[in-house]
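Colleague: Read off the chains here:
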Amino acid sequence: MSSAFLQYLFSGLTIGSIYALAGLGFSIIYNASRVINFAQGEFIMIGAMATVSLTGLGLPLLAAAPLAVAATVLVGVAVAKFAITPARGASPVTLIIITIGISVFLRGAAQALWGKGFHVLPPFSGDAPFVVLGAVLLPQSLWVLGTTLVVIAGLGWFFGRTLHGKAMLATSCNPLAAQLVGIRVSGVVLGAFGLAALLGAVGGIVMAPITFTSADAGIMLGLKGFSAAVLGGLGNGAGAVLGGLIVGMAEAMSAGYLSSSYKEATAFAIILFVLLFMPQGLLGRAGTERV
Amino acid sequence: MLIIADLTSHYGRVRALSGITLSVNEGETVALIGANGAGKSTLLRAISGVQEVSGGKMSFQGTDIRTKAPQERVGLGIVQVPEGRQVFASLSVEDNLRLGAYRRRGPSVAADIVRMMELFPVLHARRHQAAGHLSGGQQQMLALARALMAHPRLLLLDEPSMGLSPALVWAVYQAIADLKRQGTTILLVEQNAHAALSLADRGYVIETGAVVLTGTGAELLKDDRVRAAYLGL
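Each protein sequence line maps, in turn, to chains R and W.
In our numbering, each number is its position in the first sequence, counted from 1, plus 46.
In our numbering, each number is its position in the second sequence, counted from 1, plus 1.
Bound-form chain R, shown alone (with noise of 0.2 Å):
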């Protein structure tokens, strides 16, 4: 293995694991009410910037980190209740320009609020490289792949493990039998962006040190996370996951072995080769337990 391809798959698998969560933001909102959110990019905006500027008050990023997932998934929740409950029932193209409109607006409040500018957070643990095999490891790179490891553990645990979580896979499974038992599936939506948002938002953070970040970070990394959950069977988390990972490395070796302007497009090759050959994603019927 070449200590080029190597470094290539580091940071595929680095930039892959934020599209996984992003994707899993998508698949979980798009289970629980059959809504694709494209405002989940700046949910991983909100995070990252409300983490820049809280330590930029001085706070420690052990609580300045919480405190901006907690202020996302705060964000989320009023989206949906604000913007997406009061339309219950209208067409999903309806639902999806709606969503649309909140990412503008989310945009156009983190403009206001915190400038146009490019931020960057200091890296968690220094950024002294690991040098293994030739290629460079970022102490963060670790930081991201741990975290993502973390959460998606986290999830199954929820989703296997919790009444809630099952609650919420009962719901997309069968709506009517989800209220027909007593549960309140307006909640259970209010639930999914919560979730949602605090997947963006740990997301997020973790990236910030390595990508920079900007009130419009959202666009693209919305985007990416998207074309992962259709790659991997929209509500498919599983598929999520791999979906992000793919999509990630095609972005990584594209930008090293041609060019590295290149790079933003693969994630939408990728879309359109699999919306018009293979709607249903890799996963998309395979699973039987949608996430």
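None of these hints come from the bench; they were simulated from the model.
Be aware that a few hints might be false.
Going by beta-carbon spacing under 7 Å, a handful of chain R positions derived as facing chain W [stated by the list, open to error]:
hint	residue
1	LEU159
2	ALA223
3	GLN225
4	VAL227
5	GLY228
6	ILE229
7	ARG230
Cβ-to-Cβ under 10 Å is the rule here; a few derived chain W residues that face chain R [as the list claims (entries may be wrong)]:
hint	residue
8	ASN26
9	GLY28
10	ARG46
11	VAL88
12	SER91
We treat Cβ as the ideally placed atom computed from N, Cα and C, and that holds for glycine.
Position chain W relative to chain R; hints supplied.
Modeller: Using the frame of chain R, we list chain W on its own:
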């Protein structure tokens, strides 16, 4: 226990219920008989709160329930086994049962799951399987058991025999008869009029969204109009 007066409901501009009046007393088993599209399922959906009503009154144990959300009605004890079973297909049998008790908390839930598996042994054998992999009859048992997990005061059964073989219909009706003996109040919707009326204390015949005939189960079984229209005699 359940009192419904002049209830109306619409699907868009189509009227599905045009002034239904009926009542169910504590401990009774009441059957609703009618052809396809007469409004039987719509009525049950309206009682559970998952179908909007446009007029009339609906009270349960003296409480007005018309404005109550579906989950509040489940909390009051109004629990439905919907048409077509509607199990959570991708979740395990055990999770389906657990979710049946969603409005309840506490350790008695686990004990109830064990009790349901004793009542329906086939569910025990398949407790870790996805509910969608069960046969139609097994899914019907699961749907019934899931509803019982909520500790219903009023059990609404929508076409529990639909799509089942005669042997399974018998088994399902055995289970319902057991519930009746234990004192559960039951409102039963059926196209299989003979089975339903044989079991029921009282019955209502519904046509185009309104009650056209009522009486005890035995009276309705003997009624010429019922025999001609619903029993094929």
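Colleague: If a hint holds in the structure, say so; if it doesn't, say that too.
Modeller: Results of checking the hints against the structure:
no. : hint   : in the structure
1   : LEU159 : violated, 37 Å
2   : ALA223 : holds, 4 Å
3   : GLN225 : holds, 4 Å
4   : VAL227 : holds, 5 Å
5   : GLY228 : holds, 3 Å
6   : ILE229 : holds, 6 Å
7   : ARG230 : holds, 5 Å
8   : ASN26  : violated, 23 Å
9   : GLY28  : violated, 23 Å
10  : ARG46  : holds, 9 Å
11  : VAL88  : holds, 7 Å
12  : SER91  : holds, 5 Å
The structure fails hints 1, 8 and 9 (numbered hints given earlier, in ascending order).
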